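Work out the full structure, taking the sequences as your base and the hints as a guide.
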Amino acid sequence: MRKTMTLDVQTIRKDFPILSREVNGHRLVYLDNAATSQKPQAVIDCIVDYYSRYNANIHRGVHSLSQEATDAYESARKKIRDHFNIKHSEEVILTSGTTHGINLVAHGFGTLLSQGDEVLVSAMEHHSNIVPWQMLCERTGAQLKVIPMNEEGVLILSEYDKLLSERTKLVFVNHISNALGTINPIATIIEKAHDRGAAVLVDGAQACSHIRPDLQALDVDFYVTSAHKMCGPTGVGMLYGKRSWLEQLPPYQGGGEMIKEVSFEKTTYADLPHKFEAGTPNICGGIAFGAAIDYLQEIGFEAIEAYEQELLEYATEQLLQIEGLKIYGTGKDKTSVVSFNIEGIHPYDIGTIVDKLGIAVRTGHHCAQPIMDFYKIPGTVRASFAFYNTKEEVDQLVAAVKKAKMMLA
Amino acid sequence: MTIAKKQQEIIEEFALFEDWMDKYQHLIEMGKSLPLIEPNLKTDDRLIKGCQSKVWLHADLEENKVIFTADSDAIITKGIVAVLIRVFSNQTPEEIVQAKMDFIDQIGLKEHLSPTRANGLVSMIKQMKLYAVAFQAQLKS
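So the protein lines, in turn, are chains A and B.
Per this note's numbering: the first sequence ends with 409, consecutive numbering throughout.
Per this note's numbering: the second sequence ends with 141, consecutive numbering throughout.
Don't read these hints as lab results, they were simulated from the structure.
Just so we're clear, the structure is a prediction, and the values are computed from it rather than from any experiment.
For each residue, glycine too, the CB sits at the ideal point set by N, CA and C.
Check each hint, because a few of them may be wrong.
[Claimed, not checked] DMTMM-like mimics (lysine to aspartate or glutamate), calculated; alpha carbons at most 25 Å apart, straight line:
{"no.": "1", "chain 1": "A", "residue 1": "376", "chain 2": "B", "residue 2": "44"}
{"no.": "2", "chain 1": "A", "residue 1": "405", "chain 2": "B", "residue 2": "73"}
{"no.": "3", "chain 1": "A", "residue 1": "260", "chain 2": "A", "residue 2": "247"}
{"no.": "4", "chain 1": "A", "residue 1": "405", "chain 2": "B", "residue 2": "18"}
{"no.": "5", "chain 1": "A", "residue 1": "403", "chain 2": "B", "residue 2": "13"}
{"no.": "6", "chain 1": "A", "residue 1": "402", "chain 2": "B", "residue 2": "18"}
{"no.": "7", "chain 1": "B", "residue 1": "32", "chain 2": "A", "residue 2": "323"}
{"no.": "8", "chain 1": "A", "residue 1": "403", "chain 2": "B", "residue 2": "19"}
{"no.": "9", "chain 1": "A", "residue 1": "376", "chain 2": "B", "residue 2": "45"}
{"no.": "10", "chain 1": "A", "residue 1": "403", "chain 2": "B", "residue 2": "38"}
{"no.": "11", "chain 1": "A", "residue 1": "405", "chain 2": "B", "residue 2": "19"}
[As the list claims (entries may be wrong)] Covered stretches of chain B (in silico footprint by chain A; criterion: 3 or more residues with CB under 8 Å from a CB of chain A, positions within the stretch not fixed):
{"no.": "12", "region": "74-81"}
{"no.": "13", "region": "89-100"}
{"no.": "14", "region": "124-137"}
[What the hints assert, rightly or not] Chain B is nowhere near these chain A residues, computed Cβ spacing over 10 Å in every case:
{"no.": "15", "residue": "48"}
{"no.": "16", "residue": "127"}
{"no.": "17", "residue": "262"}
{"no.": "18", "residue": "303"}
{"no.": "19", "residue": "332"}
{"no.": "20", "residue": "346"}
{"no.": "21", "residue": "352"}
{"no.": "22", "residue": "353"}
{"no.": "23", "residue": "356"}
{"no.": "24", "residue": "363"}
{"no.": "25", "residue": "379"}
Right, dumping it as structure tokens:
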């Protein structure tokens, strides 16, 4: 077990085969972890093992292979339950990812909302988080209201207080902003919403690779995340919902797995969690999600958090030494994401040059156009660090940005 | 000069630079000589979709030849449009419509542009050809 407060980054890097490849003649420096994380050998092996040894459809076959696959899939669900300190396994719905989870909840609230009700969303949401609520409000006649943020990229809680009322039925906020790295005070947001009788859905897509949320302690009603941002495969994620809520929501999709009895007159739905898991799920993905959690737990989230904070401080300090460089998202509670621009230079230009030097960063509006509109910028360059990144890589980024600035200014 | 000849000229120019940095530097320099679109023509309907940066493109027909002007808020993109304009401007609509575009691969631009960025490049070419098609129809009527 490597579970200590310190983290041996050189040993960890050996777990990720992709980190030793070259891009444009340089060793890859992967700083686009907020888009997706790289996968350790343990997760890759788990996927290969599943397809080589026990691939079968689950929850139906009586044969041994199907039993093995079902056991592995259900054991992954338990790992997820324990990891997030969720009370019951059936409160863990395996989805295709965060967006799927959000749409499932938004669809369900379609039957619970009516004219005059209000849904609050934060000003720092990903596009995928705004559209489902707009659609929900159009369908139900409810009103969508936005919790504003300040210049530092931090939500203004006094404004949130003003927006909350007995009309508020649902509050939706991300745990951590993908574009800015701000950690939102979700415990406070949840408590205040509950005082008004509103439910809260938190998008944890950006959070779960950096911190380990305790969902019972948070008392959150719904929480969604994706496996691929936390060293797992793409196409699988989790929706947590309190049992009482999940029982109230109607099924999202019809199909196999989600039914109990079917006749042409009436269908009764399966119990949780299967009511929300229509069709053959991403079996391999679910099992590998479990393997990713095992891997992260072995390193330990305390060590991950401490190390990433060190990287964040170092990167912030080093980047700010470049003249004309401005960082967006400067609140004190932040994860290892640095979103920046250099005065007079388009982020796309910086990204292009930096890529030629083997460094993967993201440029653009990061699917969060409202944030870019707020700062009146076309986009930013975003470097997002994971626990397998090093200070040397930060130095390489800084050198590359300086080179880009020299070429472009 | 024909489109093919202009393309050959650009291929030879880029071949002078071995280093990618010098190629990009050359591209940036070309961006500085871009025939700029009139500021009042920088409207949303002249924006090319599919680019990470903003690109405005306008075309006029003068004595049966298409004259392109453009602008972008990103300097590398400006260089790319400048290359395309150098190839296409001052040609007849018919020549533009029929032009082959494999010179992009030969100057080593496309291989360095990721799919999202390449889309921008492809969209630019498409938009230029669409202008030419429109002028072609206009001339025939």
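Hint check results:
Under the criterion of a C-alpha separation no larger than 25 Å, the hint pairing residue 376(A) with residue 44(B) is consistent with the structure, at around 17 Å. For the hint pairing residue 405(A) with residue 73(B), the CA-to-CA distance comes to about 16 Å; that is within 25 Å, so the pair holds. Distance check on the hinted pair: residue 260(A) and residue 247(A) sit about 15 Å apart at the alpha-carbon level, within 25 Å; holds. At roughly 21 Å between alpha-carbon atoms, residue 405(A) and residue 18(B) fall within 25 Å of each other, so this suggested pair holds.
Distance restraint check for residue 403(A) and residue 13(B): the Cα-Cα separation of roughly 24 Å lies within the 25 Å cut-off, and the hinted pair is therefore satisfied. Only pairs whose Cα atoms come within 25 Å are accepted, and residue 402(A) paired with residue 18(B) is accepted, the gap being roughly 22 Å. A distance of roughly 24 Å separates the Cα atoms of residue 32(B) and residue 323(A); the hinted pair therefore holds under the 25 Å criterion. Proximity of residue 403(A) to residue 19(B) is assessed by CA-CA distance (about 14 Å); at most 25 Å being required, the pair is judged to hold.
For the hint pairing residue 376(A) with residue 45(B), the CA-to-CA distance comes to about 21 Å; that is within 25 Å, so the pair holds. With a CA separation close to 32 Å, the supplied pair residue 403(A) and residue 38(B) exceeds the 25 Å bound. The hinted pair formed by residue 405(A) and residue 19(B) meets the criterion: a straight-line CA distance of about 18 Å does not exceed 25 Å. Counting residues of the region 74-81 of chain B whose C-beta sits closer than 8 Å to any C-beta of chain A gives 4, which meets the bar of three, so the coverage hint holds.
Counting residues of the region 89-100 of chain B whose C-beta lies closer than 8 Å to any C-beta of chain A gives 0; at least three are required, and the coverage claim is violated. Evaluation of the coverage hint for the region 124-137 of chain B: breached, as 0 residues show C-beta separations to chain A shorter than 8 Å, against a requirement of three. Residue-level check passed: residue 48(A) sits 27 Å from the nearest beta carbon of chain B, beyond 10 Å. With a cut of 10 Å on Cβ distances, residue 127(A) stays outside the contact zone with chain B, its closest approach being about 15 Å.
The beta carbon of residue 262(A) sits about 44 Å from the closest Cβ of chain B, which is more than 10 Å, so the claim that it is off the interface holds. With a least CB separation of 34 Å from chain B, residue 303(A) remains clear of the 10 Å interface cut-off, as annotated. With a least CB separation of 31 Å from chain B, residue 332(A) remains clear of the 10 Å interface cut-off, as annotated. Consistency note on residue 346(A): stated as away from chain B, yet its beta-carbon is not over 10 Å from all of that chain's, at 4 Å minimum.
Look at residue 352(A): its CB is around 5 Å from the nearest CB on chain B, not clear of 10 Å, so calling it non-interface is violated. With a least CB separation of 7 Å from chain B, residue 353(A) falls inside the 10 Å interface cut-off, contrary to its annotation. Not every CB of chain B lies more than 10 Å from the CB of residue 356(A), the least distance being 6 Å, so the non-interface label is violated. Chain B draws residue 363(A) into its interface by the beta-carbon criterion, the shortest separation being 6 Å against a cut-off of 10 Å.
A cut-off of 10 Å between C-beta atoms contradicts the statement that residue 379(A) is not in contact with chain B; the least separation is 7 Å.
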